[in-house]
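There are 2 protein chains.
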Amino acid sequence: MSRVRVNCFSVSLDGFVAGPNQSLEHPLGERGPELHNWFFPTETFQTTVLGQERGSTGVDNDMAARSFHNVGAWILGRNMFAHSRGAWPANDEWKGWWGDTPPYHCDVFVLSHYPRESFTLADTTFHFVTDGIEAAMERAKASAKAKDVRIGGGASTIRQYLQAGLIDEMHIAVSPVLLGRGEHLFSGMDLYALGFKSPELIPGEGATHYIIRR
Amino acid sequence: MSRVRVNCFSVSLDGFVAGPNQSLEHPLGERGPELHNWFFPTETFQTTVLGQERGSTGVDNDMAARSFHNVGAWILGRNMFAHSRGAWPANDEWKGWWGDTPPYHCDVFVLSHYPRESFTLADTTFHFVTDGIEAAMERAKASAKAKDVRIGGGASTIRQYLQAGLIDEMHIAVSPVLLGRGEHLFSGMDLYALGFKSPELIPGEGATHYIIRR
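For the protein sequence lines, the chains are H and A, in the order given.
The first sequence stops at residue 214 when you use the working numbering, and every number in between is there.
The second sequence stops at residue 214 when you use the working numbering, and every number in between is there.
Please keep in mind that the hints were generated in silico from the structure rather than gathered at the bench.
One or more of the hints may lead you astray.
A pair counts as met if it fits within one copy or between any two copies, since identical chains are not told apart.
What the hints assert, rightly or not - Straight-line distance between alpha carbons at most 25 Å, and here's what the computed SDA-like set of lysine to any residue pairs gives: (1) Lys197 to Asn37; (2) Lys197 to Glu25; (3) Lys145 to Ala87; (4) Lys145 to Glu25; (5) Lys197 to Ser187; (6) Lys95 to His113; (7) Lys197 to Leu28; (8) Lys197 to Arg181; (9) Lys147 to Val4; (10) Lys197 to Pro27; (11) Lys141 to Asn37.
The whole structure should be built from the sequences, with the hints applied where relevant.
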């Protein structure tokens, strides 16, 4: 059965999922990349994202590999697609952070307050949805068919979907990092009341993995 | 060298160290005991706290055992000592949660806004400090001599000592539990700016242990 998933969502020991002061230079915020130090060396990241035949195997890699299995469509918040804010420039040349071959290989629905034409890069098509998170979910489910919908982030997007009760399963990777400041994932949110119970604990090499389900 | 430590401080995946609605019936708040499910079965808890010769061995037990080593004095917040609030009743019969043989075996300094006479149970003496966290620390250090001072909790006491820069090392045990509500440990606190850097990651059987140092 098709599910709505979040995977490989890295969070610091103090609960932050991105550092402060996001910019073109710091797309994950200052010190944000440290959250993903468990992910970057994995074979999955090296092959799937960088196209290099190398990388570590083990629990962290298994969790990374699993995150790409059976995904039929993605949903991203605007800030995961672009550093720009506000209306899209005419003939915007920004096509995302991922170069000519984005690692999605399916339809990607980008939440935005501003309309923009869909475009295709290799086997990934980016669509821009301006009528809200439920509308984006409907379009993503229709596109994914029997496969799962994966919500990529960022924090604000995940929080909106959690609060709307639209996420079935979420994999969190707690990194041994203290950020101190940045975007907090769970602040002010009662996950227990939202129906998420006993997390599954999976110790990895560079992070600790938890899977929470409704 | 004598250090100031926090040990075995259990925190939920969503950052809470106690459940909501503390009371005599729920000293750790509602569902608070679930945070300590990694600790209760250990040989250390069973022998040191319950006086039973039984219990599990392994990483969780090692972390629990380590927490009692080389401790020369303790500091506790009022709420860790008693469920009552406000001025102490005359001839208060409440002697703590631990029965006739408290598991401290040294001087324990209880932070309080209200004076109360010291008293001794077995080899533990409880003192009540009304002139602030620095004063309690000075008295605890003097009592501990070359050994360490351990701050037991709760969250508010730990937060005050962290913000005052008076904690050298803190061991956090992240439990695979979502509380949703309760007392949050790190909310609004910038541990990185306070000098705590790369946490040490120690996977356990029932929780994941992190040691942060300045």
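Requested in this report: If any of the earlier hints don't hold here, list their numbers in rising order.
Outcome: Structure breaks hints 3, 4, 11.
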